[in-house]
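J.: Listed below, chain by chain, are the residues.
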Amino acid sequence: MGFLGRLSGRIAALAVLVAAFSGLLYAGAGKEGGRTPLPAVTIENGGKCVRDTEWMRRNHMTLLMHQRDDTMYQGVRSTDEALRNCIDCHASSETGSVIGSDRAFCQGCHSYAAVSLDCWDCHNPKVVSAGAETGK
Amino acid sequence: MSGCNDSRRRFMAAVGGAFATLTLAPGVILMAQAYTPGGAVSGARRWGLLIDTSKCPDGCDECVTACNTENGLKTATRPTDAQWIRKVEIKDPKTGWSRSFPVMCQHCEHPPCVDVCPTGASFKRADGIVLVDRHICIGCRYCMMACPYKARSLVHEPITDQKPHAPRGKGCVESCTLCVHRVDKGGTPACVEACAASGKNAMLFGDLNDPNSEIARRVKEFPTRQIRADLGLNTGVRYQGI
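Residue numbers (this note's numbering), protein chains in the order written: chain R, 6 to 141; chain E, 39 to 280.
Be aware that one or more of the hints could be misleading.
As the list claims (entries may be wrong) - Derived DSS-like pairs (lysine-lysine); straight-line CA-CA distance at most 27 Å:
#1 E/K125 to E/K208
#2 R/K131 to E/K201
#3 E/K188 to E/K129
#4 E/K258 to E/K125
#5 E/K238 to R/K131
#6 R/K131 to E/K112
#7 E/K258 to E/K93
#8 E/K208 to E/K238
#9 E/K162 to E/K223
#10 E/K188 to R/K131
#11 R/K53 to E/K201
#12 E/K125 to E/K162
#13 E/K238 to E/K112
These are calculated hints, taken from the structure and not from any lab test.
Work out the full structure, taking the sequences as your base and the hints as a guide.
T.: Pasting the structure below:
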């Protein structure tokens with residue numbers, strides 16, 4: 006334990022202090038009315054998903070990608086993870102769509118997080134009535 | 039390369055598919071695959087179409103209309119509009135003999151569109167249906183140039199209100215999917231259904247690999263032709279009477 010040892014001890018203490026403060030700041034930011042704006046998404050039929058909410062928030066893209074390839078290459082179309090089921094459950098009750106405003110289910114978070122949303126360039130983002138669905 | 043993929047596909051199909059086994063001799067096993075709509079597709083089937091041109095009248099476009107309705111296409115009015123199926127007229131100028139019949143993606147066994155695709159978006163499913171994976175299609179249109187049947191179209195403009203089972207968008211190439219969403223649920227393509235509903239019964243859909251299917255019996259019993267058979271693509275769509 007010479008000078009270097011004392012220095013490293015101080016650096017470690019400082020690091021702990023900084024970590025503690027940033028933790029406090031982060032906790033404050035995440036709360037309602039905090040300094041950081043949060044996405045104001047209207048979630049229709051929340052809590053009834055195929056996985057729990059926290060998992061879906063982080064991993065929904067993985068699930069969709071996996072399902073997409075299963076459907077495209079293997080013809081598996083009957084699982085709960087189909088994109089169509091997301092729309093049918095979570096589309097806005099006013100517009101019938103998952104995009105179109107910053108309160109919409111998909112667009113709300115994606116515009117907040119600045120992540121591009123390509124699905125709806127080809128897929129229909131609206132709930133389609135049973136009569137229009139002719140796919141047998 | 040393709041031989042290697044094929045054998046791997048057959049192996050995976052045998053592992054993953056529903057099958058009944060019968061041991062013929064020690065080490066020799068006969069496997070019969072059951073058809074399970076909704077399950078993973080397998081190479082045991084080869085979907086095909088047989089079109090009897092003698093039953094296809096000039097001027098009837100029920101199949102084209104049904105395809106457009108089913109897949110959310112507008113009636114093609116401009117050369118750049120997408121078209122998955124079209125009526126073609128052929129005529130012998132010497133005798134005046136003519137025929138009219140539908141031409142769509144021929145679902146080749148050796149599809150040139152798959153050979154030329156630089157991203158792997160153009161692919162053939164294990165059951166012989168040739169599709170475009172729009173998620174990786176870059177819209178380069180090589181496949182459109184490679185296809186001898188002029189079966190593919192590029193979508194030039196943004197599209198809204200797509201059918202849920204037929205996603206379509208600007209910048210991707212598309213073609214007849216043999217109504218894969220129906221086939222996967224045990225149904226038949228919309229064009230075939232419409233042709234039968236109109237009483238013409240010129241189109242027949244079925245599994246070419248199943249010797250008991252009507253299509254396999256008909257192609258065995260009657261002379262049928264592939265368009266441009268000289269190219270050796272072994273199309274899944276066959277024609278009678280041309």
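J.: Each hint: holds or not?
T.: Going through the hints against the structure:
| no. | hint | verdict |
| --- | --- | --- |
| 1 | E/K125 to E/K208 | holds, 25 Å |
| 2 | R/K131 to E/K201 | holds, 10 Å |
| 3 | E/K188 to E/K129 | holds, 19 Å |
| 4 | E/K258 to E/K125 | holds, 26 Å |
| 5 | E/K238 to R/K131 | violated, 36 Å |
| 6 | R/K131 to E/K112 | holds, 19 Å |
| 7 | E/K258 to E/K93 | holds, 19 Å |
| 8 | E/K208 to E/K238 | violated, 35 Å |
| 9 | E/K162 to E/K223 | holds, 19 Å |
| 10 | E/K188 to R/K131 | violated, 33 Å |
| 11 | R/K53 to E/K201 | holds, 26 Å |
| 12 | E/K125 to E/K162 | holds, 24 Å |
| 13 | E/K238 to E/K112 | holds, 24 Å |
In the structure shown, a violation is registered for the earlier hints numbered 5, 8 and 10, in ascending order.
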